[in-house]
Each structure stands twice: as C-alpha cells, then as structure tokens.
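As a plain string of letters, each chain reads:
4 protein chains.
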Amino acid sequence: MNNSIKIVTIGGGSSYTPELMEGFIKRYKELPISEIWLVDIEDGKEKLEIVGELAQRMWDATPYPVKVITTLNRREALKDADFVTTQFRVGLLDARIKDERIPLLHGMLGQETNGAGGMFKAFRTIPVMKEIVEDMKELCPEAWLINFTNPSGIITEAVIKHFGWKKCIGLCNVPVISMMNEPKVIGKQTSELNYQFAGLNHFHWHRVFDEEGREVTGQLIDHINEKSGGTPANIYQAEFSLELLHSTNLLPCGYHRYYYLEKEMLEHSLEEFRQGGTRAEQMKAVEASLFEIYKNPDLNKKPEELQKRGGAYYSEAACECINAIYNNKGIHMVVSTQNNGALTCLEPDSVVEVSCLISAKGATPMAWGDMGSFEKGQLQIMKAMEECTISAALSGDYGMALQAFTINPLIQKGGEAKQVLNELLVAHEKYLPQFKEKIAELKNQGVETKDPVVADLMKNGY
Amino acid sequence: MNNSIKIVTIGGGSSYTPELMEGFIKRYKELPISEIWLVDIEDGKEKLEIVGELAQRMWDATPYPVKVITTLNRREALKDADFVTTQFRVGLLDARIKDERIPLLHGMLGQETNGAGGMFKAFRTIPVMKEIVEDMKELCPEAWLINFTNPSGIITEAVIKHFGWKKCIGLCNVPVISMMNEPKVIGKQTSELNYQFAGLNHFHWHRVFDEEGREVTGQLIDHINEKSGGTPANIYQAEFSLELLHSTNLLPCGYHRYYYLEKEMLEHSLEEFRQGGTRAEQMKAVEASLFEIYKNPDLNKKPEELQKRGGAYYSEAACECINAIYNNKGIHMVVSTQNNGALTCLEPDSVVEVSCLISAKGATPMAWGDMGSFEKGQLQIMKAMEECTISAALSGDYGMALQAFTINPLIQKGGEAKQVLNELLVAHEKYLPQFKEKIAELKNQGVETKDPVVADLMKNGY
Amino acid sequence: MNNSIKIVTIGGGSSYTPELMEGFIKRYKELPISEIWLVDIEDGKEKLEIVGELAQRMWDATPYPVKVITTLNRREALKDADFVTTQFRVGLLDARIKDERIPLLHGMLGQETNGAGGMFKAFRTIPVMKEIVEDMKELCPEAWLINFTNPSGIITEAVIKHFGWKKCIGLCNVPVISMMNEPKVIGKQTSELNYQFAGLNHFHWHRVFDEEGREVTGQLIDHINEKSGGTPANIYQAEFSLELLHSTNLLPCGYHRYYYLEKEMLEHSLEEFRQGGTRAEQMKAVEASLFEIYKNPDLNKKPEELQKRGGAYYSEAACECINAIYNNKGIHMVVSTQNNGALTCLEPDSVVEVSCLISAKGATPMAWGDMGSFEKGQLQIMKAMEECTISAALSGDYGMALQAFTINPLIQKGGEAKQVLNELLVAHEKYLPQFKEKIAELKNQGVETKDPVVADLMKNGY
Amino acid sequence: MNNSIKIVTIGGGSSYTPELMEGFIKRYKELPISEIWLVDIEDGKEKLEIVGELAQRMWDATPYPVKVITTLNRREALKDADFVTTQFRVGLLDARIKDERIPLLHGMLGQETNGAGGMFKAFRTIPVMKEIVEDMKELCPEAWLINFTNPSGIITEAVIKHFGWKKCIGLCNVPVISMMNEPKVIGKQTSELNYQFAGLNHFHWHRVFDEEGREVTGQLIDHINEKSGGTPANIYQAEFSLELLHSTNLLPCGYHRYYYLEKEMLEHSLEEFRQGGTRAEQMKAVEASLFEIYKNPDLNKKPEELQKRGGAYYSEAACECINAIYNNKGIHMVVSTQNNGALTCLEPDSVVEVSCLISAKGATPMAWGDMGSFEKGQLQIMKAMEECTISAALSGDYGMALQAFTINPLIQKGGEAKQVLNELLVAHEKYLPQFKEKIAELKNQGVETKDPVVADLMKNGY
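Order-wise, the sequence lines are chains H, A, G and P. Residue 254 in our numbering sits at position 254 of the first sequence; the count goes up by one each step and never skips. Residue 1113 in our numbering sits at position 113 of the second sequence; the count goes up by one each step and never skips. Residue 2137 in our numbering sits at position 137 of the third sequence; the count goes up by one each step and never skips. Residue 3408 in our numbering sits at position 408 of the fourth sequence; the count goes up by one each step and never skips.
In silico SDA-like cross-links for lysine to any residue, where the CA-CA straight-line distance does not exceed 20 Å:
hint, chain 1, residue 1, chain 2, residue 2
1, H, LYS329, P, HIS3332
2, H, LYS361, P, VAL3216
3, H, LYS443, H, GLU416
4, H, LYS137, P, ARG3214
5, G, LYS2418, P, HIS3246
6, P, LYS3161, G, GLY2372
Far from chain P, by Cβ distances over 10 Å, these chain G residues were calculated:
hint, residue
7, ILE2050
8, ARG2057
9, LEU2093
10, ASP2094
11, CYS2140
12, VAL2176
13, SER2228
14, LYS2302
15, ILE2331
16, ASP2349
17, LYS2436
18, MET2458
To be clear, the hints were calculated from the coordinates, so they are not data collected in a lab. All C-beta atoms, glycine included, are put in the ideal place defined by N, C-alpha and C.
Please construct the entire structure, taking both the sequences and the accompanying hints into account.
The following block contains the structure:
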C-alpha cells in the first residue's frame, strides 16, 4: 500500500462523519491519509456539503495536509481508493420511520436491524451495495471495503458471499461498547481482560477471562442489569433473568433483550409509539439540530452534541480497523467476516461476528468451537432469516420475503405479519425496484398503511 | 423371533386400547400373538380392568387364542416381551389440563406437544421412560419399543440417544392422516402416490410424486385449506398462505399452523379458553363416556364412539409397524428414528421423523438431503428446544428449563413466560421429582396458579 | 412417460449390447419399448453394424415389434429419448491397454477404475460426457441417463454435480454379484437377506441381515476367501485377513483387495504383466472372437461365450433399473447417486454408491449414518481423489492431475509417478484435448513410454 | 498463578534438558521459577542424575535462586505443579531402534512419528500418559500440561479428548524451524511475515503473507528445494515437485516428503538401513557422547554439541509457550490443540496443529476455513489413522491395530504389513501390557523378528 492513503466514504453526508474525521486525525501519524472523498446522492447533497466543509475545517486545524473532497459522482471517488467505508442509509431517516411505524401500528416491533425494519433496510441497501461492489471491481480492485451500514452482518454477507468481494469487513459498535464499559463493574480495565465474542451481528455472546486465565463471565453477569453503559443507548434496558444467563454462562449482547425479553421489549416499544414517537423520529430531530451546529463556520472539531447521537465508537472501530490493516497490527477486534469454521454450528461460508485478529491480510476469525443447544438453535434460525432476507433482496421474490418474515423470531407470524410486509413494500416502493411488480399488484389491491405519519411522508414523495 | 409373540402395552388402561386390539385382530394371521399384557399404575387400575375385560372379549369373539393379562406389575409383564408399546400419560388427563390452562391464563399457548405443555409432558414422562428402559435391558433385551407417548419425537430421542436403546421406533398418526386423506383432493388414491416426509415429530414437511415421477406437491398445496381431513381433528384449521407454501414447495403438517399462523392459532386457543374449556377438558369428558361404554359386558368390538376420540390411525400405525418388523416387510412408514444423515441440517445422532423403510432390522431412514434456509432454521431451533427440554428433564436443572422455554417459538419470552414455567413446576410437583428442590423454593416464594380449575385439581390431590 | 419407450445406447457397438437386448426382451411385457437406437462413433462403425444386426435378429425372434436403429449421429438418436444408457469407451480397448501397461512398466498398478488407468479413463470420458449432457438438455430434457461407463462413480459425479443433470443413475455390477452369489455360502437365498451397502463405486462395504433382523455379516466374512463367485472375475482373489474384516464387521467389495492387500495385488499384476499380458489385452482378444460369433446370421440370441466376457449382471442391472423407474417399483438397488446425507462423512452433494430405493422419481438413498474411522478416512481420501480427477478432467490443469496422482492410494507417489502421468498424457494425446498444451510441452521434452506394445499402438495411430 | 512457579519435567533425564534450562534461564525475569523437578524412571536413573547435576550447575551460574530436584517419584514431583512438561520416551532409544529396524527389514518405512514406528510409540506412550493425567487430576488440578513427547499430535489428542485434560498443549519444533529459516530465502525476516499454519502434527501446511498483506507463499515455494534450513535435519531432503506445490499454493512441512515423495524417501531409508544404521542408532551414539560431556563438573551451560542432536527449537517452543500462558501474552504459536472448527474438514473435538493465539487461557486456534480436496482427503485419512491408533492403544484391540496399519499411507498394506505389526508387538512386549494376550498368542505361533540388532537387544532384556 502506498504512503498516501485514499479513503472514500459512501454516505459521506452522514452526521457521523465528524466522528470519523476525529478518528483519522488522531491516527494520522500511523495512517498517512492524503485524500478523503465523501460521496452521497442528490437527495443528501445539502448535508454532504455542510459536513464536507466541517470535515475540511477539522483537518485544517491540524498540521496534516489532508484534502476532503465531496462529490455525487461515486465512480470518480472510487478510482484508486485504498479504503472504502460505507455508512449510507437508502431513503434516509424517513425510510426508517416507515420501518418502525408500520409494524408498530400492527402491534409488532419495527426494530431497525433484525426485525421487520431491518429486513426492509436490507431490501433497500443490498441492490445499491451490489452496484458499489461492481464499481469497486473495476475502479479499485485492491481496496478494502469497511462496512458500517446496517444491518451490518446481512450486508457484509451479501458483499462477501454473493458479490464475491472478500476484502470486506463489517463493523458494529456493540462489542466495543461492551468491552469499554463492562470491565469497570468488576473493578477492572479493558486491557486487563481477555474477551472472546461469537455470534452474528446484533446477536452475539461473549465470555471474559482475566489476566491469569480465570473466567469472569459469571461475575459480569451478576452486574448486567446495572446501568454500566455496556448496552447501546438506544436499547431499552429490560432486566435479564440472571438465572437464565448464569445457566448459559455467556454474556448476551444488548439486542438479546428483544429475544429473551420479547414481551417486555414489545410492550415498551408500543408504549413509546403510543406516546408519540419512534426512535427514528427522535433521530431525525437530533440530526436536524446537529446539522445546524455543523454549519457554524467557526466549528473545527467534533461537537459534543454528536456524542448523544448514539452509535458511540462506530467510527472509532472503523479507524482502528483501517489502521490495523494498514499497519499489519494483529490486534483483536470483533467484526463481521467469513466464518471459516469459527462457529461450527454455521456454514463455513456464512458471515459471522466473532473475535478476530486484524492484520494486513484482513480479519482472521478465532475458533470458538461448539455452542450449547440454546445458542446454537438461535444462531441457526437467525442465520436462516438472514439468508432468506438476502435471497429476497436479490431476487425480489415475494414468497421468499414471506419466508423471511415467517421465521423472524421478532415477528408474530400470520396474516397480520403478511399485511405488515405488504404495507412496507408499498411504502418503500421508491427504493425497491426488485419488487416492482408485486408492489404494483399490492397497490391495485388497495394495500396502504393507516399510519398518518407515514401516509404524510408518502404524500410528500418520500 | 418366536411364533408366539408377547406384546406388552405400558399405559394399557388407555381408552385407545380397543383400537390397538382391533389392529392386532385384523393382522393375526400374519402376526401370531399369544399374549397381550396391559400394564398400568395404581391410579389407573379401574380403567385398566375395564379396558382389559373389553380387550379379552374382543379376542374371544375371534377364532384366535390370545390371552389378555392386566397387571400393575410392569416387571412381570416385561419379562421376555417381544414388543413393548408405550402409550401412557403420567398424571393422566388432569396433568394435561394443567399443561394447557396455566399458559393460556397468561395469554400463551399450552399446546400439548411442542409448546409449554409438551415440554412439561416430557419432563414428567422421561424419568418414567428411563425406568422402563432399565427394566427392558434386564428383562427383555431383544424387544422392540414402539413409542406413541407424546411428545413422541422427544421421548424417542431420550430413549435412543440418552438411554441407549436403539431398538425403539416413535410413532405418530399425523403423517398417516395426510397420506390417507390428501390424495383424494386431486383425484388420486394413496397407493398411486409416492410420499417423502422429513422433519421432526409434529414439525415435518412432505413432497408428493405421482406414479410417473412427476411432483404433485404444488397441486396438493392448492387444496390445503379445504376440509379434506388431512389435518388432525384437534387442530384449528386457520388458513395457510398459499403464496408462502408455494414458495417453499413443501406441504407442511397440521401443526405448522402454530408456527406459520401464530397469531391466529393463539387467538383461537384463547377464545376457546375464554369460552370455558380446553381440549384437555373435552378429552376428559369424552374418555369418561368411553369408559362407560366399555363397561358394557356385551360389547366385544371397538365401539364407534372411539373414532371421535382423535388419534385416528395411531394404533393402526403401531400394529402395521410391528407387523413390518416381524414379517420383514420393507414397507414405507414415517416414524421417529435416529437421523443417520437423512436430514443433513441436523446431527446424525438426533432423532427425526422421516420416511423410512421398516423391516426386520427396524427403521432405515431415507436420505432427504439439504433443506432450504427457511425449513433448516426452523428445524434447527426446534431440535435445540427438544435438546434443552430433554436435558432439563434428565437433570432437573431449572436454568436449562428456562433455556428451553426461551427458545421455544410458541412461547412469548420474558418474565411472564418464566412465571408460567414456575407455576407449571409447582402444579406438577407430584410428577417432577427431579425438580424437587426448585419447586420447594418456588412454593416458599408463594408461586401458585390463579387458574381456578387447576387450583381445584390441586386441592384434590392431583 | 408414454407407452412406447425410446431407448438410446451410446457406445451401442459394445460387445455387451446383446446382453442388454436379452434384458429388455425378458422385461418387454412390463417395459413396452418401441425403438432402440445404438449410437457409436466412426471408429466403431463396423462393430456397431455387426452388433446392431444381431440385436435386431434377437428382437425378430420374439413376438415384440421393436426396431433397432444404428447410427453415428448422436443428436438424431437422442431426440425425444426416454432412457439413455452410456457404455462407451473413448479410445476403445487400445486406450485401456495403455492405461494398464504404462504404469505397470514402472512397477505400479494400472487398475482401470480407481488407479492411474481409471483416472485417465475419466480424463478421456468426462469431456465427451459433457457434450452428451448438453445434447440431452436440448433434445430430450426429460430423459433418464443410465450410466455404466467406468469409472462409473466419477462419471456420475461429473454428470450430476458438474453438468447439473440430476436424472442420472450410475450402475455397477459389483454389488449385484455380491448379492447374487454370497447368500449360498451360508445356505441362504438372496431374497431371504437384507443387504445394506454404502461407499463409493468400487469402494463400498455392506452389511447383511437375515429375515429376523439378525446380522449375518460375520458369518459371511468367515466365507469370504472361498471361491463363492461373490467377487468379479477380473479381480485376483488374494486372501483377506479375517481378523481385519471381523474387526470392521463389514464386508468389503472385491476391489478392496487393492487397498487391504496392496502388496499382493501389485505383485500379482506385475507377474501377469511379465508373463506377457494385461487384462486389457485379454479383453481385446475375447472381444475379437465375440464379434466373429456375432456375425453369424443364424445367431438370434445372446451367445454363451459372452458370459465369459466379465461384466456379469451389468446389463441386468441397467434393465432392472429402467424397469423400476418406468413402473415405479420402489425396489432396492445399489447405485451411484447424490449422497444427500446417506453417508455423513461425505458432502451431501457428492455422488456415492449406496443402497437406494428406485422408483418413478429416481434413486432415493437410504441413510447409513456414521462410519468408523477406518472406513471414514478411506472414503474421504478416495472422494478427494475423485474430486481432483474430475477437476483435472474438466480444466486440463496439469497441477491438479498431479494432485490426483499424489493422493491416489494405489500409486506410489514421487518422481516416478509423475513420469507415469507424463507418459500417459502423451500416449493418450488424441483423446485429451483439454491437456493439449501440456502434452506438447512434454513431447518437446522427449517424454515417451518405453513399453513396446504401447509404442506400437501409437505408431499405428492409436 | 503464584509468583514462584513450579515446573515438572517428566522424562527429565533426556539429553534435551539442558536446552530447556537455557530457555528458562533466558526468560527468568518474566518467568519467576522457584523449583524445577526432573522426573524419570528407574531405567533412566543414571542419566537423570547426570543431567540434573548439569541443570543445577547451569542455574548456579546465574543470579537466580532456582532449585533443580531429581526424583523417580512422579507423584511427589507433581504435587502443586504449575506446569508439567512431558518429553519421555517409553523404552528409550532401544525401542525406537526396534520401531525403525523391524519395518525396514520388510522393506517398509519405520518413521518414528506417523509411520509404523510412530504408531508403536503411541501404543507405548498413551497408557503411561493416562497415568500421568490421573495423577495430575489429583495432585495439580490447575496445572498446564505441555507435551513434546512424540507422536505429539496423537498424544495430545489422547490427553484432551480421551483423558479429558483440556489444559494441554502439544508442541513441535517443525513449524518453528520453518518460521525461523524460511524468510531469509526471500530476503525477509521472520518478524516481517505473517504465517498461517494448519493441519496435523508432522502433517501441516502453511501460507505466508508480507507486511502489506500480499501472499508470498509462491515465492517461498520456488526456494523450497534449497538447503535453507527450513526442514528438520533428520529428514532426507528429496526434491519436491514445484509444479505440485504451486498447484496447491501451500508450503508443505518437511514430513510431507514421506507422502509426496514416497518412493524416494523409502529408497533412501532402505539405503541407509543397508549401509548399516538407522536414525535411532545414530541418535543413541550421539546421546551417549552427550552424556559423557554432561558429566564434566566444570560444564555449566548448554554444550554446543547438543545443537547437533536435532530437535532444534523444541525447548525454545516449550519455554515460550509457558511464558505466553503465564504472562497472558497473546502471541502467535503453532501448537496442537482442540480443533474447535479451525479446520472445517475435521471434527471440532479432534486435535489439530494450527496457528493459535497463546494467552493465559491457553491456545485459541485461528480459523483456517476449507481446504482443497487434495489437502482435505489427506488430512482426513491421517486423522482416521490417528484415531485408530489411539483406539488400539487404549483398548489393546488387535483388529483395531490392524485397521491403523491398513490405512496408514506410509505402510504398504497386506500380509507383510501384518507380519511387521506382529513382530513389533512381540518386540515391544515389555511396554505393551494392553496387548498382553495377543502377544502371548503370537509368541506361541513363533512370531519373532529376524533382525539381528533387535534380536540382540531382546536377548539382553530390552
């Protein structure tokens, strides 16, 4: 790799971008970047320019001669890139609003990653990601693709297994949050503990050992219901059953609450919804105010308000991963990569999220071995759901989308779930060309959501 | 095998027994039985005697010199048995009433096979089955164990994999019902079609081919929502989505409605419950009236009323299976047996319910090959649930029981599910010695059901 | 399928054809054939005509109106075929002479199926088989392909897994020979025993049970070194170690002698070779005299001399297989088909040779389950050898051919084995277009065999 | 772990011990050892005392207060040990002489690790290792067992899988030798390259990447036939076929010559044997002279002559492994450990030799993923051979020993191989109590070796 790195960020107009800049600035001495290209689409042009200018001001406030270029021309940006990061959101936060509100109106979780919402995010994102990979094959065939677009595991599986781009690593901040915040509850520091993670994105477990090789998983379980900060801020912290966790002797991730505490999480989401809002809508408001702040021409560093945005450590993870590859560091990170046997209960060519060594040749997963029946069965059905989702996203096959909905543990199966699927298809028509014919048929049958917020968005062309 | 077969039926006091007798009578020329021992426990003594006398009258009405012996002494009965059939119900129908009413009061399915109720039936049955197998090892080491006690797949897995008794075949009437009733909807007879089944007990799919090798699965799917009689009478026939089924190109079993149509099935069960009854209570009434009929000393054949009992073809399957083994027939039957690779997505040593050849050396499963993601994921989580259930049943480990509850797709996970588990444990105290300590602890904490019917039963010592 | 079956036999000029005719004649009432097309290539034209005329005379001697057509135009023959049988030999027996003599001159087994010879037969046959399947896709997309061309398992794997033609069944007479001849050594008849086979073509084992389900494998092992006729006539019957066989409790096939008795078999082959001949040369002489007999215009049935040709029951197996498919018989046959889990130690999409049910929808393998370490390790390396062989045959990759040679247990690995590979490539130049460049390079380096017989053949353009 | 480490070395009288001392001395600042117990048996007492005194002199020449204790009482030594290293040789070098000479006299490789000799070393060692583990369970249940006794992979599998001692790591110097010596041939240093190894002990491959993630495996293959020092000194360096290696794109280990160059290696061994000696006999002479040197009371460091002994880096590997565990280093080492999915073509509970991270909780294998057919088939038969060997070693079952011999690729199967097995059993009678009955039977049949050297040893009671 050369000594003047070219970074390309697809979805560069994201409010996260300043965090990414901060991460690169902090690592500049190890990571001699020359250019950062922020790419976005027409609809995101205004935000792209705002954030691009802030990004350049941030670099200008350092001694480093890094140039930030904003563009709507993805192919121009990708030419000879060294690292491509993807953090785009097809349909922006308005799409997430639909993802969450439509299921909730039917009494089901929207859940933007593994639930109905997450499946639709995959339906929208995978065709775009396919185009990106095709461009990369032509324009930067040696580049690494660092994906943080959610649902990160599903997207990464599409890229590696279906589009054949092996130099792809999927990132998530959930494991980082655990590793940063948990140790203190037992009076330890991160560096004093050995972490071993395994599972799928937003569906993994971990075990922890101290410096003398003694397992401290049980001690950490005892503290799991405390507000340690080990769970992402966006997840309602219903209380885990300690008896269940001790029985498994594994620390779940925050998202496991949707599975182990299905009833409590659903009730909380419905309550929030009735109270007048979804997480998507809160995010939209936060973003709007962030961009107001970003516009300030005197601002030349990451504003504190961004911290509240959620997604803590996401960019940290991305910068650290790029650094580890570029400098052949051989460090431990928890990323989505090809299984290769690390989890024996899933196929070797599936993408999993596990403890890896990150070095110049990418991510090498560490073998976890067999899981107990409890974890195994859950992982297998979640992977099957991911496979059906990807298959439907690639083919536009309605029956396959129904299969995905029917085996998703977060969806109460039956006629009403099918209605939710139908309403989501219609609501996302603009971003689902692969389902075009089915959507036309559904519209002919008069399928439409009764949610007023979504109806309004659609009236306004979103 | 000798020419005077000794059959032993554990749970011989069952109302099904006359059907079994009819099946043996019909096959006597091929199956020269000399003695049938009906075994039951003290609590079932009265029923045992009634049904034993009827059984003898049935044989006496034939030219065949078969002796029916009733006994409470299982070991005496097992001595030198050739075939042992198990159809007992630990705790009788009163236990099933608890299995169904307690979850329903909390808004969950009881479901006596794969739901909370089925798991508790396994908890009660497995320790007894262990004793039976231990006796058999000593007293009739060459005998075949033909199990029809539900949950049939789970019990059969315990017997084969955990107790090491390989000469065990698990039976179920669901596949037989399909094969007997479906063909007519497309104007065919059973003998004209080739059936291939694969999956788990109460959770299998099938494909069908005609005499020229053409697949007719799709045609049968088109008729699946008609009242063809292809679904067991005890299952509410909510309408399958044909789009889903055609997409999988597999015929589900009737029990799949609980999974594909979760919402509809739950609502129907809750409605029935609110209307004042569960299937268990209906069954109890039916049984009482059946035994009144059985008492009639002039009755010497299977009374017509038994037909309505449900469980059609169960005994037919048992007699046919015994016949196929004894006469080395090599016929196709769908039974629970060791997988051996027939389903590649499950472990070779798991028990599965698949199309088999039944001959003198038992059941040889036919290889099905790979399933699609949709079926694979579901099979894997169901098998995991079965494994956790067996593990909890064997160990009395409460955490493992929680694991089983938490991955069971028919249970809405969370604190209330745990409460259901706790109430069921307390309600079934008498038959769950392995959970003794945990039950004492729960009782100390004041755990008890609020269901008045169950409370009454318990007051009366059930 | 219609009522006037069209059969096409590729390699119809084979000396086996009269046997095939006899098999069809015997089954005509069940199998109403209207036309039999015998296809061959220019080099085999004379033999094709001789055998075609005999075949027609055989039918004319029956009351059945079957027409035998000989042709060099494969595509014309394939049009609307119902069953296609393949029994051709690329390069005729002269190629087999090279396959056997070249390795033997270097002190290695030629072994026309699993040894160096068999690999080269696969190299020559697979490209031709690919063309046949391409023609079938176009001209008779519903036809069954019944392959008896050796190495039968390798060819069948290429057809099913690589060319995607699922309606293919690979046949071999070795299991039939066992089942026909073994039972008598323990005073039984075939119909009284249950056979279960599993493994690969020319590398399978079997277990046998009597009518009461008792295993008699051990009894049959005791007789295995007797001249029972259970081993194909072409295999030297070196004595198996009974201690080894009893330890495995499996009956090996005749070809296992090459593996269990490597030294004895090699010495015997070398001795035969020194005595002046290989099996290929004997066969060539036998064939020549058979065709003299076939020419007799008064001959209208299979001549007795054909029996001595070896390959007993091959045609019997083919006719019986076709009959079982056409009439949906559901009978037990041992054939090469897609594994689908029947052998858990091999991939589900590999082709294996196992006990199957043959019915209108083809072969359904019976699940065998796990093998012991001894059999498992051998099966796995043999399958790996087959995979390398197919890969080399398809790609013409010399390195892959070297890999195949290096893991083949019948070849003593090292520089001399490479020399054998090289000499065989040069000797078979005419039939190995995929290796064209490498062969040119080898010839430039002066690679040629020193065997005078082969050198003579080559001088004469073979 | 405490701050005064107790090390126990079983087979402490080995000539390697000074190297081990040197390794510990070099690492003392990180690894605060207080006591080193050297354990041996009566037959090795003299050597134990010589080497024990030298070891103590070596420590006395340092500033470190380490006490070396020699003992024949293994249980006394094991009490409260922190690390136990095993480097013993049951039957000493005389046993190895038999292992090598008996097969060679029959024209077969002795090969002290994976050949007939290695299997017999396993037969002798496994029962002793079982006793050691039983003692450890009682006396030092928290200790790590670092095994370097050959065949290291087989012994480690017995310890981990059969004796249930999970805290065991098997070491070998072969990967270390590669990593130390190879890089220079392409002008690199070890620290500049990333190594990834996978396979079995003495049967593994590796791939190498440079600091920028580019694969340099192909470049290293080009140099493999040079005398780089990358192959252990005891292996004759017959020339690999570069075409074969490039085709696999994997670097083989030195021992692969026995498999890829079977003929050349066998001829070389037979030539050496004819010239009057085996490696075992050379070693015996070297050892005798080493002990003469060790006796010198002025010697207080590792003598240079030991270097020539072979086994370079063995002790280095052991000390480094212990250091990495004690100090939770998280470094890369290639060791034998439980597979856990690292190699998908072998069972998760098999022991494999792969790239691992070594930290306080032991070895975590890195997932390699799928192998090509060529490597997969070989690994699977080698693991099967290991399994049969362990099974025979544990049970003393002669049939299983025959199975192991019959699938070992280094043995020419057949009657003469069986004769070799029989002669080895008789020759090692003293150390094979588990085969007692079979040996008596063989002796009755007059089985004995004709090798004069072995006959002499036996006459003298060895």
